[in-house]
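Engineer: If you want the building blocks of each chain, they are given just below.
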Amino acid sequence: MSNRIVIDPVTRIEGHLRIEAVVENGVVKDAFSAGTMVRGIEKILKGRDPRDAWAFTERVCGVCTTVHALASCRCVEDALGITVPKNAELVRNLMFCAQYVQDHVVHFYHLHALDWVDVVSMLKADPVATSKLAQSLSPWPKSNPGHFAAVQQRLKKFVESGQLGIFANGYWGNKAYKLPPEVNLLAVSHYLDALEWQKEIVKIHTIFGGKNPHPNYLVGGVPCSFNLEEVNAINTERLDFVGSLIKDAIEFVEQVYIPDLLAIASFYKDWGAIGGGLQNYLAYGDLPTRGYNDPSSFLLPRGAILNRNLNEIHEVNGKDLNEIKEYISHSWYQYGGGDGVGLHPFKGETEFNYTGPKPPYEHLDVEGKYSWLKTPRWKDHAMEVGPLSRMLVAYAKGNTDVKELVGVVLKKLDVPITALFSTLGRTAARGVETQVVAHWMKGFYDDLISNLKNGERRTFNSSRWEPATWPATAEGVGMTEAPRGALAHWISIKDRAIDNYQLVVPSTWNASPRDAKGQRSAYEEALIGTPVSNVEQPLEILRTIHSFDPCIACAVHVYDPDGKQVHQVQFY
Amino acid sequence: MTIDPSGSSTLVLGIGNTLLGDEGVGVAVIDHLHAKGGLPADVDLLDGGTGSMVLLEPMRKVRRMILVDATADGSPPGTFQRLVPRFCTDFPPSLTAHDIGLRDLLDTFYLLGETPEVVLYAISIRFPQEIYFGLSAEVEAAVPIVAERIRQELYEA
Numbered sequence: 001m002s003n004r005i006v007i008d009p010v011t012r013i014e015g016h017l018r019i020e021a022v023v024e025n026g027v028v029k030d031a032f033s034a035g036t037m038v039r040g041i042e043k044i045l046k047g048r049d050p051r052d053a054w055a056f057t058e059r060v061c062g063v064c065t066t067v068h069a070l071a072s073c074r075c076v077e078d079a080l081g082i083t084v085p086k087n088a089e090l091v092r093n094l095m096f097c098a099q100y101v102q103d104h105v106v107h108f109y110h111l112h113a114l115d116w117v118d119v120v121s122m123l124k125a126d127p128v129a130t131s132k133l134a135q136s137l138s139p140w141p142k143s144n145p146g147h148f149a150a151v152q153q154r155l156k157k158f159v160e161s162g163q164l165g166i167f168a169n170g171y172w173g174n175k176a177y178k179l180p181p182e183v184n185l186l187a188v189s190h191y192l193d194a195l196e197w198q199k200e201i202v203k204i205h206t207i208f209g210g211k212n213p214h215p216n217y218l219v220g221g222v223p224c225s226f227n228l229e230e231v232n233a234i235n236t237e238r239l240d241f242v243g244s245l246i247k248d249a250i251e252f253v254e255q256v257y258i259p260d261l262l263a264i265a266s267f268y269k270d271w272g273a274i275g276g277g278l279q280n281y282l283a284y285g286d287l288p289t290r291g292y293n294d295p296s297s298f299l300l301p302r303g304a305i306l307n308r309n310l311n312e313i314h315e316v317n318g319k320d321l322n323e324i325k326e327y328i329s330h331s332w333y334q335y336g337g338g339d340g341v342g343l344h345p346f347k348g349e350t351e352f353n354y355t356g357p358k359p360p361y362e363h364l365d366v367e368g369k370y371s372w373l374k375t376p377r378w379k380d381h382a383m384e385v386g387p388l389s390r391m392l393v394a395y396a397k398g399n400t401d402v403k404e405l406v407g408v409v410l411k412k413l414d415v416p417i418t419a420l421f422s423t424l425g426r427t428a429a430r431g432v433e434t435q436v437v438a439h440w441m442k443g444f445y446d447d448l449i450s451n452l453k454n455g456e457r458r459t460f461n462s463s464r465w466e467p468a469t470w471p472a473t474a475e476g477v478g479m480t481e482a483p484r485g486a487l488a489h490w491i492s493i494k495d496r497a498i499d500n501y502q503l504v505v506p507s508t509w510n511a512s513p514r515d516a517k518g519q520r521s522a523y524e525e526a527l528i529g530t531p532v533s534n535v536e537q538p539l540e541i542l543r544t545i546h547s548f549d550p551c552i553a554c555a556v557h558v559y560d561p562d563g564k565q566v567h568q569v570q571f572y
Numbered sequence: 001m002t003i004d005p006s007g008s009s010t011l012v013l014g015i016g017n018t019l020l021g022d023e024g025v026g027v028a029v030i031d032h033l034h035a036k037g038g039l040p041a042d043v044d045l046l047d048g049g050t051g052s053m054v055l056l057e058p059m060r061k062v063r064r065m066i067l068v069d070a071t072a073d074g075s076p077p078g079t080f081q082r083l084v085p086r087f088c089t090d091f092p093p094s095l096t097a098h099d100i101g102l103r104d105l106l107d108t109f110y111l112l113g114e115t116p117e118v119v120l121y122a123i124s125i126r127f128p129q130e131i132y133f134g135l136s137a138e139v140e141a142a143v144p145i146v147a148e149r150i151r152q153e154l155y156e157a
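As they're listed, the protein sequences go chains A and B.
Residue 313 in the numbering used here sits at position 313 of the first sequence; the count goes up by one each step and never skips.
Residue 59 in the numbering used here sits at position 59 of the second sequence; the count goes up by one each step and never skips.
Certain hints may be false.
To be verified - Heads up, simulated BS3-like pairs for lysine-lysine below, C-alpha to C-alpha not over 30 angstroms straight-line: (1) LYS403(A) - LYS269(A); (2) LYS412(A) - LYS379(A); (3) LYS203(A) - LYS61(B); (4) LYS36(B) - LYS203(A); (5) LYS132(A) - LYS412(A); (6) LYS156(A) - LYS36(B); (7) LYS203(A) - LYS142(A); (8) LYS442(A) - LYS61(B); (9) LYS36(B) - LYS247(A); (10) LYS156(A) - LYS61(B); (11) LYS247(A) - LYS61(B); (12) LYS36(B) - LYS157(A); (13) LYS203(A) - LYS132(A); (14) LYS379(A) - LYS319(A); (15) LYS61(B) - LYS142(A); (16) LYS397(A) - LYS319(A).
No lab work stands behind these hints: they were computed from the structure.
Computed from a prediction, not measured in an experiment: that's the story for all the values here.
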């Protein structure tokens with residue numbers, strides 16, 4: 001007998017995702033991932049001024065707004081042959097790093113930790129023992145018994161009020177939770193500290209982007225006016241503040257996030273052999289140090305890995321019509337040339353064709369079309385994208401910062417390198433990346449300060465700002481890495497307006513349905529073999545899905561009037 | 001009045017996705033209040049867009065918050081209610097498209113020990129919304145009415 005578990009929507013993610021998993025004898029045998037609402041930003045952009053596209057695309061999501069704006073500016077710059085000044089590159093890198101550090105920490109504590117941490121068990125913890133444990137792990141100052149007792153009291157009151165709120169829908173007490181009460185208390189305490197801290201780091205976006213959420217970007221540079229002595233410009237005082245935010249970020253990551261990650265992971269080492277899924281990894285890379293047109297200068301390198309072979313990194317070209325293609329065999333779209341073909345984004349089409357059941361429904365027709373996500377492929381391979389892919393490509397390319405920290409983490413957990421290819425590996429790679437990026441952020445900051453002190457204040461290249469300087473037609477691609485994986489925008493400009501605009505977003509790579517050949521995408525493949533100890537509480541499925549940090553908001557759009565968790569188990 | 005929160009005592013926060021038609025009505029109300037001006041000096045207006053956790057920072061500085069958002073509660077489009085929610089379950093259905101939603105955000109906010117006054121103006125929209133930019137006529141008509149109610153409320157306190 002097998003059970004079919006439906007989780008719709010998957011909660012603690014941004015956006016709306018539905019997972020159907022077939023469980024046999026306590027193990028997932030097959031899985032289907034569906035984005036259940038439609039995306040259509042491309043239709044809004046057609047005919048508009050290419051210089052405005054970033055402001056629209058950054059509204060598709062509240063989480064990774066900055067990276068969509070960045071990809072958008074870059075695709076226009078690529079099309080028109082614009083190179084941004086050095087200071088603009090540095091400011092973009094700083095905003096990128098701030099986004100990563102904030103987003104990864106929020107993911108770990110607020111979206112993923114509760115798959116591993118039992119909030120209710122924390123109420124049984126001994127604050128004195130928790131304090132001892134905390135002090136053995138890290139010099140973080142908020143580690144005395146009084147602090148932990150106070151946190152426990154605060155949470156107790158919250159739970160007793162009967163309004164669990166963000167802690168509702170948890171599978172508390174499930175035997176797959178392995179942490180002692182003290183580790184649970186430590187993690188919940190840092191859940192609150194992380195909330196306090198994350199609201200500070202995003203001020204970097206407000207300072208350089210003028211506002212938050214949805215900071216300002218600019219085709220050709222960044223909309224920042226630097227003048228160290230001027231009150232109304234980004235001056236010494238503002239920059240000192242950025243410096244102190246970066247220092248705090250490094251401290252938080254090193255003293256709180258990484259020690260917690262290691263402490264929690266040490267109780268779940270079996271997850272180093274679960275949830276590996278696809279064997280192919282793709283990273284577009286980012287953080288240029290000598291311009292976007294020189295990928296060899298990226299601190300996060302570009303490349304593809306096939307069959308987990310770390311000895312060979314394949315080159316990736318976003319403009320080659322034979323590399324990246326989107327298929328719709330199982331997606332609710334139609335292509336003019338037939339549904340069996342794959343289209344490069346320059347040739348991309350966005351024609352809806354919903355053939356699914358009328359909601360509410362029990363099951364999707366997984367033999368036919370079953371998702372609003374298209375299925376992207378690289379040279380027809382299904383690829384995983386995200387922190388694990390980026391860290392594997394960086395590791396394989398010999399990045400010393402990444403190699404060193406990956407080594408430390410593997411040694412501390414006493415697991416082999418193959419443990420990276422797993423649910424635990426994905427979560428650990430995100431931590432490694434956060435620490436490395438936090439330090440790189442300091443480097444970019446120092447470079448910016450030294451440029452400004454040398455009198456270099458340019459932040460904008462205006463040479464191709466006027467549409468009169470543009471060719472009649474132009475095409476460009478803007479590639480970047482959202483925190484959750486490879487992101488690119490493709491633009492075709494005709495008569496100074498947008499003719500076609502396509503986004504291929506990270507969760508499309510990871511959460512998409514099967515392709516025409518039946519190859520599963522990353523979520524579906526990663527779930528195969530996942531143990532499920534209690535089909536009524538599919539906690540293990542959530543662990544693997546959350547390890548990817550799903551963010552479906554830009555992959556699809558959300559219309560769910562009830563917002564309730566539909567969790568059905570079918571027996572057949 | 002400023003559009004960039006700077007430590008004032010009241011925050012008017014409009015939330016919504018402007019790429020989803022009427023879903024962006026919360027942002028439209030903020031734009032309207034900003035364009036008309038003439039609000040008390042200690043009031044901040046914020047276009048919260050689809051922002052989620054990043055909104056905690058401007059929220060934490062204030063004594064009183066007036067939230068403006070769309071709801072798909074089945075009422076005629078353009079009608080609105082004024083609510084004083086305390087818990088996530090007090091919210092009307094679906095303030096989404098920004099799915100680590102307002103409900104979660106507010107609960108997180110309370111978890112941090114914050115206790116400002118919270119008022120929510122929930123404007124009904126049709127469900128589902130098409131992907132387009134701009135508001136339907138019925139919902140557009142509600143914008144100045146809701147804005148005026150908020151203006152009155154700001155002067156009452």
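Engineer: Evaluate each hint against the coordinates.
Structural biologist: Structure-based check of each hint:
1. LYS403(A) - LYS269(A): 21 angstroms, holds
2. LYS412(A) - LYS379(A): Judged against 30 angstroms, a Cα distance of about 37 angstroms means the pair is violated.
3. LYS203(A) - LYS61(B): Holds, at about 14 angstroms.
4. LYS36(B) - LYS203(A): 28 angstroms, holds
5. LYS132(A) - LYS412(A): Since the Cα atoms of LYS132(A) and LYS412(A) sit roughly 20 angstroms apart, the hinted pair holds (cutoff 30 angstroms).
6. LYS156(A) - LYS36(B): 46 angstroms, violated
7. LYS203(A) - LYS142(A): Holds - the C-alpha atoms of LYS142(A) and LYS203(A) are around 23 angstroms apart, at most 30 angstroms.
8. LYS442(A) - LYS61(B): The given pair, whose Cα atoms are some 28 angstroms apart, holds under the 30 angstroms limit.
9. LYS36(B) - LYS247(A): 41 angstroms, violated
10. LYS156(A) - LYS61(B): 25 angstroms, holds
11. LYS247(A) - LYS61(B): 23 angstroms, holds
12. LYS36(B) - LYS157(A): Cα-Cα ~43 angstroms, so violated.
13. LYS203(A) - LYS132(A): Given pair LYS203(A), LYS132(A) is violated - Cα atoms ~34 angstroms apart, limit 30 angstroms.
14. LYS379(A) - LYS319(A): 13 angstroms, holds
15. LYS61(B) - LYS142(A): 23 angstroms, holds
16. LYS397(A) - LYS319(A): Holds, at about 23 angstroms.
Checked against the numbered hints given earlier, the structure breaks hints 2, 6, 9, 12 and 13 and satisfies all the rest.
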